[in-house]
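Produce the entire structure from the sequences given, and follow the hints as far as they go.
When the letters of the sequence shown are read in order and numbered with our numbering, they come out as residues 1 to 182.
Careful: at least some of the hints might be erroneous.
Pairs of lysine to any residue, SDA-like flavour, derived with a Cα cap of 25 Å [as the list claims (entries may be wrong)]:
1. Lys33 to Ala75
2. Lys39 to Tyr168
3. Lys82 to Phe123
4. Lys39 to Ala11
5. Lys153 to His137
6. Lys102 to Cys161
7. Lys33 to Ile104
8. Lys102 to Gly121
9. Lys35 to Ile115
10. Lys153 to Glu96
11. Lys33 to Thr77
12. Lys39 to Gln126
13. Lys33 to Ala105
14. Lys153 to Ile115
15. Lys35 to Ile45
16. Lys82 to Ala119
17. Lys102 to Leu112
18. Lys17 to Arg50
These are calculated hints, taken from the structure and not from any lab test.
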Amino acid sequence: ERIGEAPQGTAVTLHLKPADAENQLHDYTSAWKIKEIVKRYSDFITWPVRLLPEPGKGGDGSDGSDGDGAEAREAETLNSMKALWARPRDEVSDDEYHELYKHIAHDWRDPLETIRLQAEGTFEYQALLFVPSHAPHDLFTQGYQRGVQLYVKRVFIMDDCEELLPPYLRFVKGVVDAQDLS
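Now the structure itself:
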């Protein structure tokens with residue numbers, strides 16, 4: 001069913017084709033796969049993405065029935081991170097920056113330096129870059145992955161984007177969020 005414009009608060013329900021062994025669609029019906037996809041690609045979007053638990057199961061996977069067949073099904077919010085680069089600088093604390101760094105860099109230490117960039121014009125972007133407090137152990141290996149993630153309108157596009165920073169800054173971790181890819 002096509003509609004012109006969806007009003008705010010619209011619920012979107014997706015229906016998949018029947019699963020068979022050839023197309024591997026059964027993978028996309030499992031709750032863990034849906035959670036993984038939303039966490040990876042839509043963790044920073046403004047609107048909450050919620051998932052209802054399967055009928056007969058609680059949020060933790062145990063049987064949620066109370067004996068008389070009635071169930072309280074509460075939706076679980078899958079995307080939890082806040083896009084700190086989109087908020088004004090004075091509203092973001094150092095602790096929030098450090099938590100974001102630990103989330104995107106998979107590091108348990110605080111960063112040495114936090115750098116915020118914003119450009120407006122024919123190409124608009126916001127960037128939040130971190131200088132790690134220590135050099136990665138695999139910095140000089142052949143297949144070292146750079147740590148800058150590319151987002152468009154807070155939706156994850158790619159990891160290890162080589163075009164965003166020169167090779168001598170490959171130790172920098174962070175996020176670049178553009179308005180479009182043109």
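Now the hints, each set against the structure:
1. Lys33 to Ala75: Given that 25 Å is the threshold and the Cα spacing comes to 16 Å, the pair holds.
2. Lys39 to Tyr168: This hinted pair is violated, its Cα atoms lying about 30 Å apart.
3. Lys82 to Phe123: Given pair Lys82, Phe123 holds - Cα atoms ~23 Å apart, limit 25 Å.
4. Lys39 to Ala11: 19 Å, holds
5. Lys153 to His137: 32 Å, violated
6. Lys102 to Cys161: 19 Å, holds
7. Lys33 to Ile104: At roughly 20 Å apart (the allowed maximum being 25 Å), Ile104 and Lys33 satisfy the hint.
8. Lys102 to Gly121: Roughly 31 Å separates the two Cα atoms, so the pair is violated.
9. Lys35 to Ile115: At roughly 30 Å apart (the allowed maximum being 25 Å), Ile115 and Lys35 break the hint.
10. Lys153 to Glu96: 20 Å, holds
11. Lys33 to Thr77: Distance ~15 Å between Lys33 and Thr77 Cα, so the pair holds.
12. Lys39 to Gln126: With a Cα-Cα distance of about 21 Å, the restraint between Lys39 and Gln126 holds, given a limit of 25 Å.
13. Lys33 to Ala105: 22 Å, holds
14. Lys153 to Ile115: 20 Å, holds
15. Lys35 to Ile45: Since the Cα atoms of Lys35 and Ile45 sit roughly 14 Å apart, the hinted pair holds (cutoff 25 Å).
16. Lys82 to Ala119: This hinted pair holds, its Cα atoms lying about 20 Å apart.
17. Lys102 to Leu112: Distance ~12 Å between Lys102 and Leu112 Cα, so the pair holds.
18. Lys17 to Arg50: 21 Å, holds
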